[in-house]
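Student: Going down the list, the protein sequences come from chains A and B.
Counted the way numbering that gives the first Met the number 0 counts, the first sequence spans residues 0 to 620.
Counted the way numbering that gives the first Met the number 0 counts, the second sequence spans residues 0 to 620.
Read the hints as simulated data drawn from the structure, not as lab findings.
For glycine and all other residues, C-beta sits at the position ideal for the given N, C-alpha and C.
The hints are all genuine.
Beta-carbon label-pair distances, calculated as ranges: (1) E558(A) / A151(B): 51 to 57 angstroms; (2) Q155(B) / Q273(A): 38 to 44 angstroms; (3) P199(B) / S242(A): 38 to 44 angstroms; (4) P309(A) / P199(B): 31 to 37 angstroms; (5) E558(A) / K133(B): 40 to 46 angstroms; (6) K133(B) / S242(A): 24 to 30 angstroms; (7) S248(B) / G116(A): 43 to 49 angstroms; (8) D456(A) / K133(B): 44 to 50 angstroms.
Simulated crosslink set (PhoX-like; lysine-lysine; CA at most 25 angstroms straight-line): (9) K183(A) / K579(A); (10) K582(A) / K149(B); (11) K149(B) / K183(A).
To spell it out: a stretch of chain A is covered by chain B in this simulated footprint if at least three of its residues, at any positions, have a beta carbon under 8 angstroms from a beta carbon of chain B; those stretches are: (12) 127-135; (13) 140-153; (14) 158-170; (15) 308-322.
2 protein chains.
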Amino acid sequence: MINITFLPADKTVSVPEGTPLLVAAKAVGIHVETPCGGKGVCGKCLVRVTVGAVDFDGGWLIGEKLTAQGFVLLCTAKVKNEDVIVLTFADINREAGKFADSLGDYSRLEPSLIPSGAAEFLVKQTRIMVPTPKSGDGLSDLDRLQGAVKAALGGQLFVPLYVLRALPETLRQQNGKIYLVTYKQDGGFTAVTILAEKKPLLGVAVDLGTTTVAVSICGEEGVPLAVKTAYNGQIAHGLDIISRINYASSPARLEELREKALGTINGLIRQLAQEQAMNPEEITSLAVSGNTTMIHLLLGVFPEYIRLEPYTPAVYHVPRYTAAEIGLCAAPNAPVDMAPGVGSYLGGDITSGALCTSLAQDSEELCLFIDIGTNGEILLGNADFILGCACSAGPAFEGGGISSGMRASAGAIERVNINKETGEISFSVIGGGEPAGICGSGMISLMAELFRAGLLDAGGKFVRENFARKNPRRIVENGRNAVFVLAESGGKTVTVTEGDINNIIRAKAAIFSACRVMLKNVEMDFSDLARVYVAGGFGRYLNMDDATQIGLLPRVPRERLVFLGNSSLMGTHMALISEKHRKKRDGLARAVTYLDLSDEVGYMDEYMAAMFLPHTDSRLF
Amino acid sequence: MINITFLPADKTVSVPEGTPLLVAAKAVGIHVETPCGGKGVCGKCLVRVTVGAVDFDGGWLIGEKLTAQGFVLLCTAKVKNEDVIVLTFADINREAGKFADSLGDYSRLEPSLIPSGAAEFLVKQTRIMVPTPKSGDGLSDLDRLQGAVKAALGGQLFVPLYVLRALPETLRQQNGKIYLVTYKQDGGFTAVTILAEKKPLLGVAVDLGTTTVAVSICGEEGVPLAVKTAYNGQIAHGLDIISRINYASSPARLEELREKALGTINGLIRQLAQEQAMNPEEITSLAVSGNTTMIHLLLGVFPEYIRLEPYTPAVYHVPRYTAAEIGLCAAPNAPVDMAPGVGSYLGGDITSGALCTSLAQDSEELCLFIDIGTNGEILLGNADFILGCACSAGPAFEGGGISSGMRASAGAIERVNINKETGEISFSVIGGGEPAGICGSGMISLMAELFRAGLLDAGGKFVRENFARKNPRRIVENGRNAVFVLAESGGKTVTVTEGDINNIIRAKAAIFSACRVMLKNVEMDFSDLARVYVAGGFGRYLNMDDATQIGLLPRVPRERLVFLGNSSLMGTHMALISEKHRKKRDGLARAVTYLDLSDEVGYMDEYMAAMFLPHTDSRLF
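So here's chain A without its partners, still in its complex pose:
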């Protein structure tokens, strides 16, 4: 019989050789979804074999790189003649939104971009043998610890007060055999925690968006164990960056926004830790990305000067602060790595996200990287140069300012289909079940389908006569504004107004015109681009044809378009677990030249020209 241990559930089962892993998992109550019925084609049941090997021939589906790292599909892998340890990932349907589907995101990346091997957190865990206290040696506990660390790691150890408090008991309980979590600082080492026994290191990656906050947690294997998202608690004080900056005009209000951001992040960290049956204090590494304003608000630094000429923030490269200093829920001395920003509206979220693109590969191929959040942030470049700019898209793509809008989570309509002949409308809902609202990808899909079916005109107005013919009961006139009824069920109505449509048009126009201005700036065109990467919190998938149909993305050959999902969170996670990626990200940040669109004379003209579906210049589409 062969022993199979499933982590993080830590359940072991003995099975005969040749047993499918899926059978073994079910035998100990491990539930992994297999939407394709175990046929090995949907790829949803990805797990990782961390010790030992199994029989698996589905490499064609998940790719060589993942296979080389021990990833297999639970449904088709079979037990060989050796014991194995299998790492499973959080139930992807637990929160049926896109962010919960984190491995799906990774699968969109070039495998060479993904860190391989065990996580290289900022912190390391080292076994230290501290000599026992001796009468008359004149050495305190701290003296002996520092001596042992100098011998083991070759540097001076700084011990923060929190750690000093735990030192005497831990040393004596363990008879001097302790584990020390440290990170390098100023040529020496700083202690984070002192442990009685070796514990798996835990890290969290935080993407602090203006509208949406996403947090992932991972262990030493380096794979996200689970991801959670929530709306940023600051939303009550303004939907976009400028209104947040305006709100933060007094110390009390700044503190209020700081606490709201911390509350949202810490709530997600606590949920994640609880699900992993961990104490948040076991988290010893953190990586955080956010736009420049969000980072100022998180730190409690006045963001006022970001929006005033000459638009100079207080900080781009945040010094290495600890979780306790910032207020994050983790080991108090856990170091927090914050992605560097490069402009007043070009923050660490896009420098992190760039790790998911060919910009991180020193490639000669020109690429455009569009991260569509409440602010749109855009990079254009290759190994020789990187140009960056930002534009205000507003929260529409994340469901903000849309009457039935919602985040891409369970209950959101994420895709719409309209039969051009019959006008019949169908849609899919994240997580199945009744629709509760519509997310960004749903809005894009809806508008593209309405436009294709002749139900929406180039100016963003519903074509009433066509509705009258095909779907008379779907349109309700409300003064000068028409309301489209997308779904009605169980007393809940999902409606879309012309105002909602207009919000999406303004958002897509801001982004498209910013891309045009950047390309013009280097005398290039969309046709010069080898890759167009799109990131953002639209939903699980963004249909590229739909996005092109409404003029959000240019019409370029389909294979050049890559949808990344939440690239900021993925990049932050990669920086959390890889020294190489932290260095690469910091290098990318230094390489970016910031283009201020408000200084670009042609921007307003481009913007006005893009306020149509898909655009006034049909040659572009």
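Keeping the supplied structure of chain A fixed, place chain B upon it in accordance with the hints.
Tutor: Just chain B now, with coordinates in the frame of chain A:
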């Protein structure tokens, strides 16, 4: 007319040449006590001329060294032909206890031991010109500040979060011309505060005693402006170190003791700051001394292992923590310099105090340094070796465990006189007025006088037949214990019991026998000592003849005995204001060899032999 400015009151008056400084001071309402009636003999009206010079020929009274540093007596100095700035010190009678008389303490030191010149705090204040923000320079406020500091100071600047928060406003208000308070750390600099304009630096020195806490405050002139003392708020949880350690056996109780210590210290800091019309946040340097247990309790570190074999504390050399980390009331990032301890009962209080002795002078002369607190700590040595030990004296010398005992503050009987013929008893009270109790020096004086008058026997019992003859109404029998009525006035009675006498005898026996054991250990005798320094919180003055009479101190030629007062506070203050003294103190701490009295077989015999007045071995006295 000549202008005279008095600091810290910041009052200026114009007077003719030749005007006595005292007259000028009175003209602007500056009150400085002149107990001798302005005759220039008591030395109480010491002030310091920091700019300019005055006519003064009282150098014979205050010594050449002080005169060279600009100190003069206000009552006899006269205005010359130039403007001057005169620094006055806190009213010494405000709290009439010894500690308020800080300059008196300094006058007992060898002038060469006292730091001269302006204070060299751990922090420095530097004027920094930060370039104004420019559009498109890609530099945040922090980037520009760090660049300017690198140019000005030649090192990397770490900016804590508190300071980062103040950065954007201060830079813009001052158009980049700011003052930065920093200290050196790990090869770079750490920012403490950022100031809009140059401000005098403030520092505080803290002596955290088991029974008494003393705090002094000083500015850049380096002279203590005022000193305050209070009983340690932990006293309710045990009078001596062992009972405090026992009390701190649970995290909640440890935290309680930590808060009590902080409460006492911070209360004194707030009082001092208020009197100087300063905000405590303006304090940017702190130095703290205390015995090993007190430092553990202040830091919230379990002290348990100090009292358990092999008596190993968690820490001797406390890392450089900030005021906020420890919880001290000051600028949050102010660095706290803590004096290193050398043994479980030999703490930073005595390594600081050693700065007041010839041990700090690399002298070949052998000296004995006795710091009598609740624990007695003793050093014996010279430039070649230092031996250190500790013994438990209990709180009796600070008024603890004595029925009418009190701290050496206003209302305490500090000296007693008994007419051997008539038996008439008189005494002096600190601050004048009615007696409220008796302090350490009062008890020593009383016991010496009773013994000399034949009213107390060698065993510490009142000689009832002699009392009956001379002072029949002074003795009240209370069972087997007699009560001696020292003073009666206004309903308040100050009494001393045989139990009180016995507490002092046990305390003095512990100390005297420890000295004997140390000397024997190096095969020496009291006669080999060039100096015997005595420190402690007895009162303003300790009468050396009285101390010798009761057997606390050995009978050595009078000129070899030096009473230092609170040497721990003085040494802490010196370390606060002088880099040379910090280094010297740390060097002294490294040089000490700790002698554990509990390992010394002869100690108990010595102790028992010392339980008489003055001693069983009369050849010693």
